[in-house]
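Line order of the protein sequences matches chains A and B.
Counted from 1, the first sequence has number 31 at position 31 by my numbering; the numbering is strictly sequential.
Counted from 1, the second sequence has number 479 at position 479 by my numbering; the numbering is strictly sequential.
A few of these clues could be false.
Label-pair distances were calculated between CB atoms; the ranges are [claimed, not checked]: (1) B/Lys445 / A/Arg68: 20 to 28 angstroms; (2) A/Asp166 / B/Phe187: 29 to 37 angstroms; (3) A/Ser84 / B/Lys445: 23 to 31 angstroms; (4) A/Val193 / B/Arg278: 40 to 48 angstroms; (5) A/Asp83 / B/Ser301: 24 to 32 angstroms.
Because the hints were derived from the structure by calculation, they are not lab data.
Virtual Cβ for every residue (Gly too), placed ideally from N, Cα, C.
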Amino acid sequence: MLELVSVTKRYDIRSVPAVFDLNLKVDSGEIFGFIGPNGAGKTTTIKMMTGLLEPTEGNIMICGNDIRREPLKCKSAFGYVPDSPEIYERLTGIEYLNFIADVFGVGSSDRKQRIEKYAEMFEMTGVLGSQVRSYSKGMKQKLAIVGSLIHSPSLWILDEPMMGLDPMASHALKEEMREQSGNGCTVFFSTHVLEVAEKLCDRVGIIQNGMLAAVGTVDELKSKASAGESSLEDIFIGIMHGEGNAYV
Amino acid sequence: MLTCKFSVLLKFKLKYKLNISRRLAAPAGSFRAAGALLLTALLIAAALLLCIFVPYVILLIHLAGTYTEREYFSLLLTFANAAVFILSLLSAYSLFSSGREREFLIPLPIKKRYIFASEYVTYYFGAVMSSLLFTVPGAAVYAAGMAEKGAPVLILKAVLGCIIFPALPSAAAFVMISVVFAASARFRHRETAAVILGAAVLICAVLLRVNIGSFNADGGPAVRISESLSRILFNSYFMLRAIMIRSLRAWLYMLYFTLSSAAVCAAVYFYGGAVYDRILGKMKSAVSAREKTDKDYRQRSPARAFCIKEFKTVLRSPAFALNCCIGVILAPVLAVTASRSGLASDIPGIIMCLVIMSANMTASTSISREGRSFGMCVYMPVRSADHIKGRAAAAFVFNALSGALFIFPYEILIKLNFLYIIYEFLTVIAASLTFACFGLLIDLKKPKLIWDRETEAVKQNFNAVLGMIVSIMISLVIVIPFFVGMAGHVSKTFMYLCSFAEAAAAAAVGVMLLRNKACSREGNSIDGNS
Ligand SMILES: Nc1ncnc2c1ncn2[C@@H]1O[C@H](COP(=O)(O)OP(=O)(O)O)[C@@H](O)[C@H]1O
Ligand SMILES: [Mg+2]
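One chain only, chain A, in its complex shape:
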């Protein structure tokens, strides 16, 4: 479904790479948590997956298509929630959603049904008539989430989606992730909230300094861990303190 082959990104030719030789494969219907500290390279990786950034080296395949060679095919397959959604401020929420639906070519009955469903789920129905610039950060985030689901994507990419969400919305989002994965959609999200990752993810990948330090199911990681590291948090802290080699 999603495959990264030795992906490297350097923002500046001379500098250390933000992402280095990243190899990753995520299967259909999987919920994959991408975790790492601030500045580890999560956003950079996700931006390369969505075509926002060009990888310096390596290839990214989405549904068997290379994002650089078949950008439109790849982009119609995924829905993306950026880390800080920049949405056309002068459009109203409903106009924005209709705009997205037009771009993805979603028919009118489908979009009506989905907009109503997700607006209800994220308690947005009342504010869809106001312009986006009156929204709070969390509301913008929720709008971006609804917008990313409007074409029922087969790959759902979210960059730190819990940030700024209230507990209700955060819960709804987690439920929706499960629901989507149950319907065969692949969910790929980055986070640094470890409890969420532990509870929700089929597999997790831990990234540190642009390199993948560990990947596998939470149980796998636990079994590889040295005695006493019984939670994802312990494992994470362990890796950050330089015991990473054990997990690769």
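Assemble the complex: chain A is given as a structure, and chain B with the ligands must be docked to it using the hints.
Quick look at chain B with the ligands alone, frame taken from chain A:
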């Protein structure tokens, strides 16, 4: 301590306004690139100066030869008053329609008054620039014709005077716009109200000023009006005397002039300090929300969705609306006033029309206006051809609208043959398409995506200026047949058809280039801009 902060603030604001440091810093990677940029900037500035100043100076020389010095200066000052007033209306409008930067400044430990003070100083600075631009050439033309010595003193007086001169017109503009915004804050759709009321004020101002200041060939009434006006407007009155009187008493007038202007500035400063925050607060307090969400789930093609989005974003933002639709707003007004001036005939008509259309920056800022949300066009599966088509269509509509709103009233008022009007209209349509294509090509090349205030995307955007210049150059090519026609014995119909053919050819070239560009951009990332 606090004054120190004020100077920091002011420096920041002035730099921001001039934007020179940033423009040069952008390609700072290589020294040569900066040099090349500077060179092109200079070339463009020279071209602009040529386009605007040569006709202006010719007009001034003509006036200096026709009138007595007293009449000449009162005309000049009336003109400067009008220019400063209208330009100040525009900058006061953007002062009130943008509050983003304030949001970032207010939480900082800076006195609130200083924030307004720095805004006001930059505002006044802009007014001084426009005043210098219009008046100093006038004084120079006059000084050049002076046989006796004293010309340097005259220029000195003029420059000094020009710095003080804008106090009155800029204050009037500020007060008027503050009233416009205070009134719009009472409406539910306050921003739309601000756009409409602002446009109305602008139209009235232009109508009034153009009528008063119009330099008819025979001139009589215009001179009389400006003479009586310069008696009413204290700045013209004092400056006229300060310049005309050659004895020391002139400096006494200069002193009065300075004192009264300072008083006006102080009054505006205190008035502004009192109302500015309140008005901005009201404008921001709520975005007019429609209670009833319109449940319109019709499906449209992506190109169409983009076109509609362009219309909505342009018309809903006061800053965008003013800068992108100013041609549409002013075209009919200018058409009516221009058709009544002595020079009116069909050929200046089409030239004026093309110039008005060139000033439209809808196309040349289309990508820049997206700002940080441009990322959406990258990660969504939209073909470049589609979104570019949508943008071009929106820009074309604005261009064609401003052209048509000028050409029809103007040519009908001067009673041009109807067939010729149709030919001109066809030329306007083709030119609209051309300008839209070339504007987009410019903005696609290097859009300005990082901005915080909407005005930065339009007014402080180099692409807008470049688009204007390119459009004016294309216009010059389009009107060549008219000049040929005026000189030789070519039939009028042939002349019109020739210029239409040129415009159509230019449009074809523009469409082709844009098409190539759209295909080459497929799936591009925005690495360079992030
Ligand atoms: N536009 C950029 N230019 C240069 N360096 C960048 C840019 N964006 C991110 N980086 C660097 O790349 C690294 C990874 O950043 P990022 O992917 O945003 O981390 P994360 O999302 O995991 O917090 C950081 O060291 C950051 O400084
Ligand atoms: Mg991040």
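Here is how each hint holds up against the structure:
1. B/Lys445 / A/Arg68: 20 to 28 angstroms: holds, 22 angstroms
2. A/Asp166 / B/Phe187: 29 to 37 angstroms: Check passed, 33 angstroms falls within 29 to 37 angstroms.
3. A/Ser84 / B/Lys445: 23 to 31 angstroms: holds, 27 angstroms
4. A/Val193 / B/Arg278: 40 to 48 angstroms: Since the Cβ atoms of A/Val193 and B/Arg278 sit about 42 angstroms apart, the hinted range of 40 to 48 angstroms holds.
5. A/Asp83 / B/Ser301: 24 to 32 angstroms: holds, 30 angstroms
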